[in-house]
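K.L.:
Sequence:
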Amino acid sequence: MISDLIYDSFPPLLASSVLTIHLTCLSLVIGVFLALPLALGRLSKNRWVSSFSFAYVYYFRGTPLLVQIFLIYYGLPQIGLTFDAYTSALISLSLNTAAYTAEIIRGGIQAVPGGEIESAHAMGMTRRQVFRRIILPQMIGFALPAYGNEIILQIKATSLASTITLMDLTGMARTLAAETYAPLEIFSAAGIIYLAMVMSTSKLVTWMERRWTVYRR
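Residue numbering for the sequence shown follows the numbering used here, beginning at 6 and increasing consecutively.
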């Protein structure tokens, strides 16, 4: 009976996991685009730029993601900004991962040996050329392991979107558990799917690390 419930719950859970994957991928892409200027801002000598970047990172890393989701979904309508559940979850996840990714990028940039940067400048390279040819390739190599962990955390963080009625993997699991009165079986099946996604992501990141190391050689 228990195995039947687990087996029967897989089709709807797998269907809802498409939304989880979509949310994860899109928020990570947006987060990277936001994170790069934030990381450069953290390293900037301009006090206003660095202060803004620090405040952004400090806030989004220092407050719970669930609070950020509620603030956007329930709070912003009070000032006339209303978003549906999907958009609210996407905005929250993107802004949150941008803060963590910015620190990963900043750490990767700071890990690049200063002597190589100075040598590149001495050879007549412009700041843009130094960043593109010297800093960026090495920064990616340094940042990949930590960013792999961020991707995994982001997959699991999407489960919070179910708190604002979004029918992602966790949202569907909650609905099925309420209908069948079998939370043990339903959430066990959901956990298996999450585990499969995390393991696949971990293997993909490991492969990317190896490929990047070979490419850099």
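Errors might be hidden in some of the hints.
Cβ-Cβ distance ranges computed for the label pairs, FRET-style [unchecked claim]:
no. : residue 1 : residue 2 : range
1   : F75       : M128      : 47 to 57 Å
2   : D13       : D89       : 27 to 37 Å
3   : L76       : V54       : 16 to 26 Å
4   : I84       : R138      : 43 to 53 Å
Derived from the structure by calculation, the hints contain no laboratory data.
Every residue gets a Cβ at the ideal spot worked out from N, C-alpha and C, and that includes glycine.
K.L.:
Compare the structure with each hint and give your call.
P.N.:
Here is how each hint holds up against the structure:
For the pair F75 and M128, the beta carbons lie near 52 Å from each other, so the given range of 47 to 57 Å is met. In this structure the supplied range 27 to 37 Å holds for D13 paired with D89, their Cβ-Cβ distance being about 30 Å. Between L76 and V54 the beta carbon distance is about 25 Å. The supplied range of 16 to 26 Å therefore holds. In this structure, I84 and R138 meet the distance hint of 43 to 53 Å, their C-beta atoms being roughly 45 Å apart.
Violated hints: none; the structure is consistent with every hint.
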